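Visitor: My request is simple: use the sequences and hints to build the entire structure.
Just so you know, we're using UniProt numbering here: the sequence shown kicks off at 1 and counts up by one.
Derived from the structure by calculation, the hints contain no laboratory data.
There are no misleading hints in this set.
Quick list of in silico lysine to any residue cross-link-like pairs, SDA-like style, CA-CA up to 25 Å:
1) LYS28 with GLY109
2) LYS89 with GLY146
3) LYS89 with ARG124
4) LYS99 with THR120
5) LYS108 with LEU137
6) LYS99 with LEU118
7) LYS28 with TYR138
Source: prediction; values computed, not measured.
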Amino acid sequence: MIQVLKPFAQWMASTDWFLRVGPRFVPKLDRALYRLTRGKVISSDHVVPSLVLTTTGARTGQPRHSPLACRPEPGGGFLVVGSNFGREKHPAWTGNLLKTPQAAVTYKGREIPVTARLLTGEEREAAWRGLVEQWPLYERYVETAGGRELRVFRLTPR
Numbered sequence: 001m002i003q004v005l006k007p008f009a010q011w012m013a014s015t016d017w018f019l020r021v022g023p024r025f026v027p028k029l030d031r032a033l034y035r036l037t038r039g040k041v042i043s044s045d046h047v048v049p050s051l052v053l054t055t056t057g058a059r060t061g062q063p064r065h066s067p068l069a070c071r072p073e074p075g076g077g078f079l080v081v082g083s084n085f086g087r088e089k090h091p092a093w094t095g096n097l098l099k100t101p102q103a104a105v106t107y108k109g110r111e112i113p114v115t116a117r118l119l120t121g122e123e124r125e126a127a128w129r130g131l132v133e134q135w136p137l138y139e140r141y142v143e144t145a146g147g148r149e150l151r152v153f154r155l156t157p158r
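Guide: Spelled out as structure tokens, the structure:
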């Protein structure tokens, strides 16, 4: 049933309306479900594989939880994109990872310590193709992001 809804969810997420309102409510909904279910449920996971990334705040040093779409990789790693729903600024979690690459991922209820690495060049391009294949809206986010390159990170289990 969920796979039937995926095209509708992709269409809805590509609308100008959603690009304005989605960033305000989707992360809040995902964080609430994450807390209530102890990391076992994220609403976005019904449309695209999703995780909750816990980073260390670059300025505060406090834990920061970010629900994100991901592309699971063989070996237990993940690819994530700093799309920020196509907004002009990089999401804060990407700056957190650049400062402190040690983080944790909660995926399907399991917490996994990871190390993040920003991808560049051919490695980024190869990862990008797979990410866009999984969630074509990333191409729309590139158009609306004001010319910034969306950061792509590989999260490798420690």
